[in-house]
Structure formats: C-alpha cells, structure tokens
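Sequences are here, hints too, so could you generate the full structure?
Protein chains: 2
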Amino acid sequence: MKQMCISLDAMGGDHGPKVVIPAALHMLKKYPQLRIILVGDEKVLHRYLKKLRVQESPQLQIHHASQVVTMDESPSSALRGKKDSSMRVAINLVKGGVADACVSAGNTGALMMTARFVLKTLPGIERPAIISLMPSTQGRVRMVDLGANVDSCAEHLVQFALMGSILTRVVEHIDKPTIGLLNNGTEEIKGNDQVKRTAQLLAEHPEINYYGYVEGDDIYKGTVNVVVCDGFVGNVAIKACEGIAKMFKQYFKESFSAGVTGKVAGAVVYPILRRLQKRLDPAQYNGASFLGLQGTVVKSHGGASVVGFQYAIEQAIIEIEENVPQLIRHELAEWLEEGEEELE
Amino acid sequence: MKQMCISLDAMGGDHGPKVVIPAALHMLKKYPQLRIILVGDEKVLHRYLKKLRVQESPQLQIHHASQVVTMDESPSSALRGKKDSSMRVAINLVKGGVADACVSAGNTGALMMTARFVLKTLPGIERPAIISLMPSTQGRVRMVDLGANVDSCAEHLVQFALMGSILTRVVEHIDKPTIGLLNNGTEEIKGNDQVKRTAQLLAEHPEINYYGYVEGDDIYKGTVNVVVCDGFVGNVAIKACEGIAKMFKQYFKESFSAGVTGKVAGAVVYPILRRLQKRLDPAQYNGASFLGLQGTVVKSHGGASVVGFQYAIEQAIIEIEENVPQLIRHELAEWLEEGEEELE
Chain A
1 MKQMCISLDA
11 MGGDHGPKVV
21 IPAALHMLKK
31 YPQLRIILVG
41 DEKVLHRYLK
51 KLRVQESPQL
61 QIHHASQVVT
71 MDESPSSALR
81 GKKDSSMRVA
91 INLVKGGVAD
101 ACVSAGNTGA
111 LMMTARFVLK
121 TLPGIERPAI
131 ISLMPSTQGR
141 VRMVDLGANV
151 DSCAEHLVQF
161 ALMGSILTRV
171 VEHIDKPTIG
181 LLNNGTEEIK
191 GNDQVKRTAQ
201 LLAEHPEINY
211 YGYVEGDDIY
221 KGTVNVVVCD
231 GFVGNVAIKA
241 CEGIAKMFKQ
251 YFKESFSAGV
261 TGKVAGAVVY
271 PILRRLQKRL
281 DPAQYNGASF
291 LGLQGTVVKS
301 HGGASVVGFQ
311 YAIEQAIIEI
321 EENVPQLIRH
331 ELAEWLEEGE
341 EELE
Chain B
1 MKQMCISLDA
11 MGGDHGPKVV
21 IPAALHMLKK
31 YPQLRIILVG
41 DEKVLHRYLK
51 KLRVQESPQL
61 QIHHASQVVT
71 MDESPSSALR
81 GKKDSSMRVA
91 INLVKGGVAD
101 ACVSAGNTGA
111 LMMTARFVLK
121 TLPGIERPAI
131 ISLMPSTQGR
141 VRMVDLGANV
151 DSCAEHLVQF
161 ALMGSILTRV
171 VEHIDKPTIG
181 LLNNGTEEIK
191 GNDQVKRTAQ
201 LLAEHPEINY
211 YGYVEGDDIY
221 KGTVNVVVCD
231 GFVGNVAIKA
241 CEGIAKMFKQ
251 YFKESFSAGV
261 TGKVAGAVVY
271 PILRRLQKRL
281 DPAQYNGASF
291 LGLQGTVVKS
301 HGGASVVGFQ
311 YAIEQAIIEI
321 EENVPQLIRH
331 ELAEWLEEGE
341 EELE
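Protein chains in written order, with this note's numbering: chain A, 1 to 344; chain B, 1 to 344.
Since the list gives no way to pick one copy over another, a pair counts as held whenever it fits inside one copy or between any two copies.
List time: in silico DSS-like cross-link candidates among lysine-lysine, alpha-carbon distance up to 30 Å:
(1) LYS18 - LYS30
(2) LYS190 - LYS95
(3) LYS190 - LYS83
(4) LYS221 - LYS249
(5) LYS278 - LYS249
(6) LYS120 - LYS190
(7) LYS253 - LYS221
(8) LYS253 - LYS263
(9) LYS176 - LYS246
(10) LYS51 - LYS30
(11) LYS18 - LYS51
(12) LYS196 - LYS83
(13) LYS246 - LYS196
If you're looking for bench data, these hints aren't it; they were derived computationally from the structure.
Printed below as a string of structure tokens:
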C-alpha cells in the first residue's frame, strides 16, 4: 500500500468519536503507511484518546472543528450555517490536498451537498451518485444510485452506470463488469419512459457491458455486477430490505427465547446463528462511495459499529490506491472526446 | 355470508388447474353459499375433476375457454389475440353479471389490461392500481400500487390513496386508516417532484387520514395502515424484499444442513423453524386486488401454492361481501361532487 492520509468526520453518525476513534486505531495498526486526521471538537477528541491511552502522533492527528452537523439537519442549512463543522472541515482537507479521502457517518444529504460544493463534480459529470456493495447469494454486487439523486434523467443513469463500471472494474479486477438496469420486469415493454430511454443508451454505449433489465430480486441473486437505478428507487428498495431483515431478526429472536423448548433450542443453535449472523452482518457492506466528485468521499451508515466503520475506511483506502476519481475523469474525457470526433 | 359466484382462471399461473382446482374445492367446503366457475380447457379440467373424484355440480361448474395466456406474453398480444383465453372469459363472466368476482394467477400485465378493457374503470378513476397485504411486525399493512402503473402523477397517487383507504376501512374495520406516502426520507425537503406534489394534495384531502412520508423500512414496521407509491417503485421494492427473503432462506438451509453439528441443531430447532416459516409464509399474503375497476378482480401470485390460492379466493369473497367497487364508486362520486360544489 502507498502512503496515504484519510480525514475522518469524528463527530458524525449516531455514535461519533465512540465508534470513529476505535475504528481509526484499528486501521492504523493494520496499515502502517496510513495516516489519519480526526476532525472534530479537540477537547472531546483529546478526552477520548486519553481514555484509550493513545497520544497524538504523526500517524494520528486531531484537527479542530467547532461545529457538528446533526442527523436531521437540512443539507442547505448545514452548508450555509456550519462552515466549521467536522464534516465540512474533513472535506476541506481533501480539497486542500492534505487528505486523500474523507470518511463520514454523518447526515447523507448534508455530506453529499457539502462534498459537491467543496470538491466539485468531475468535468462532464452533472450529478454525483452513491454506490455501495450489496449482499448477494453469489458474487459481489454493487448498486448505484442509492439516494444522491431523485428524478435522474436517462443521461444521468448512463453516467452512473459508467462510473459504477469503472469502480467495479478496478476494485474487483473484473475486465468488463455487467451492468443491469433496475426495472419492474425484464420484458421489453416494461418500465417507465426514463428506464426505456436509459436502456437504449446503455445498449449503444461502447464502454458499458450492458446485460439488460433486472428486477428487484436480481440484486440479491447476483445476476449482474452493477445494478443501476434512480436514487429514489434505490433508496426505497434498500430501506425496504433493511426493514424486512429487521423483521426476520425480531421473529427469530422471539422464536428462540420463547418457552423452554425455544431457549434450549436457542442454546444448541447458538454457534450456527452466530456464524449466520456474521455472514449476513451489514457491517461488511458498510461504506458507500460518492462517485463523480473531484475527490474521494465515503459515507458510513449513521448507526455503523466500530467494525462497520472500519469497512468504510477500508473502502476509502481501496479508492485511493486505485485512484478512482482520476480514473473516472480520464475515461470520461476519452469517451467525451470520442463522441465529439464522431460528431465531426 | 351472502350467496356469491366467483370465476377462476383455472389455466393461469405456473401450476394452472393443479393448484386452482384443489383450492376451489377447499373453499367450496368452507363456504356453502359460494359457487365457483372454473374457466379453461374443459377436457383438461374434466380430467382433473375425475382424478379428484369430484363431479360438476351447481356449486362447481366448468366453463370452456380454448386459449391460455402465457406468463411471458405481452399484455397487448393477449388482449388482441386471445379473446377466448381462460383469463379473458373469466373476466367476461364478471362483466356479464354471471360471476361477482374473478381470480387469476396469470400474467399480471395481461390480466390488468384485459380487466381494464372488459370491465372499464370507475367514473373518475383514470388508472386502476394493485393493492396487497404486506407482512409487518405489528398491524396489517397494505401497499398500493404494486406495479399496475409506472409514471403515475400526483393525482393518480391520490386516487390510489383514496381507494386504498376505502378498501382498508371496510376490510379491516378501521374508521380512518392512516395513509403514508413512500419517500426516500421523512424530512420535508426529501422526494422528487411527484412525491412533493402528492404530499400536498394528500394533506389537503378531507377523506384521507394522511400520516406523512414513510420510508422503505416503515412498510414492515407497520407505521401506517396503507403505504402509497408509484407502481414502478412498489414493484421494485417488493421484489427486492422477495429476493432478500430468499437469500435468508438459502443461508438458513445451508447452515442447518452443513456438518453433523448443523444437522443435529437442525433437528432440534425443526419445530421452531416450522412455526417461524408458518409465520412468514408468503401464502397468507397472497391475493392482490385491482382497485378502480367496475368489478372485482384478484390476482394470485403466479407461483402460489394451493393454500396461497385459497387466500386469493378469500380476498375476492371479502371484496364481494363489502361491495368494494360500488363503495369506491359511491365515495368517489360524493367527493367529486363536493369538489364541484366548492368550485361553484
């Protein structure tokens, strides 16, 4: 691994420094070439470090920020009113070249708006998108967009597909990742106008290995490498899945704690349930990337555990290693140039 | 229960008469006031009845139809080219007043298009919608639209909400069912233009008990009685949930059949797993209603079991009992009149 520096929004998310600092310490041990800047209230952060008997060092620095963006704050009020928030300052460090990437578990909307304002989008990219790894029964599936945009037009969806394809190629070492377009059916007549137009553009695109339409259940079947959709649909779908997963968990818990039979059975199956839980643990899918910005920003789930936040930092490390924003910029420029040449 | 007659598309779905006929026989035993007309190839149906040692009777009749709509057929080709399909004839029987409702496990798109063409929509309803009961950790939740429409405008979504509210009121005996609008967040700034406009109309609507925005996970939390969304979003969301449920099931099976420990544990927890499976069995949520038509049409899942198909017939019985189409027509007319009076 090359030398790199990551800024962490240490106050963001449901748990703030309580989760961010232990995750940072773990990653510093794992990667000696890594430097981390903890951004947030220096008093609070110093207190946490002291409690954990850790001192500031060239590897682990604190950068003061006096404000915190709350989870329910509107993105525009965060952008206008919180210029010294831990989130904003962590992104500023990327903009200034001090950090190579930033990770935050804070308010998604505020993080996206601030990152877009500070870092700007890549030339040719109109809208950044959120991409994340999803669990599936086979292979590794990514889904884009998970909620950065609502009302995306066909051209935006094609850009999401292209960016998702590039990320997946370099991260998964797949030559031509397959791209599926999320639809309410796989027959040609299915879909709204936006999806039908997008399908046409994707099929014609020389850089995209377009598979065709996929349905909601294809996400978890691993039918394609990348599932593309508008952020409204993507967000609703993954939250619905989170909801049903929680319902299963609750039913499960109830079943294995009700009555003597349930409790005995629970004790017997405990190791199996542990293994099952590990396999389905959402922590390992934590860390959604903002694609299309002039810099790397990774969003952790607000309620992520220490292990979950480590996965988000890991995602940032991979993207720095692979130079994802520069790669997207480069391939986009090539493709746009080709388009211009064709027009001439 | 009053005397009633239901026509069944006996050839529809993945299993056709193999599922439809046993389900019909079960329901006839349960409800002596019920009459059922099996629609389909009379030779095939007679053979099935013979095998089950059942004879035609005033309670159970066969109505011949020479064609079958396949599951992957385009709705328009089914409508134009299969005028003597079991699906079409079953709907014709409702139109002609011979049957009070029709149940089919066939091709959803074809069923919707044919039902709409034959039965017509209620005055004032521009688009019919699909509504279904969903599993939830508390209470009974219905979701509308599950895929009849893509690109619904705000006015359509309000009609879906109103129809869903009426159905839920009479079926669940809830005075003023709460209506939630599916969105990618609950904050006011969230959502696309369609959702924002719909929220405004729902809030102003005198007949709708509008709760506000709900997110994907609220479906399974039972936050509201009825979740309203565009059919594209609804379809993707429930299919994604089906996908994750299948993934859980597969992981589960693997865990309890791997190695000696797994198998022993599997044997111990077997009764608990059975109970759990029963609780989560999709059969009990089978039977989606087409709302907004001048007649009652219930869609069974294509792959439904005999028990699942029974639930779909049960749904039709409830809607006949409660006179749902007439109720919607009546309340809609009242509301439209009030609107006109206000304008005067």
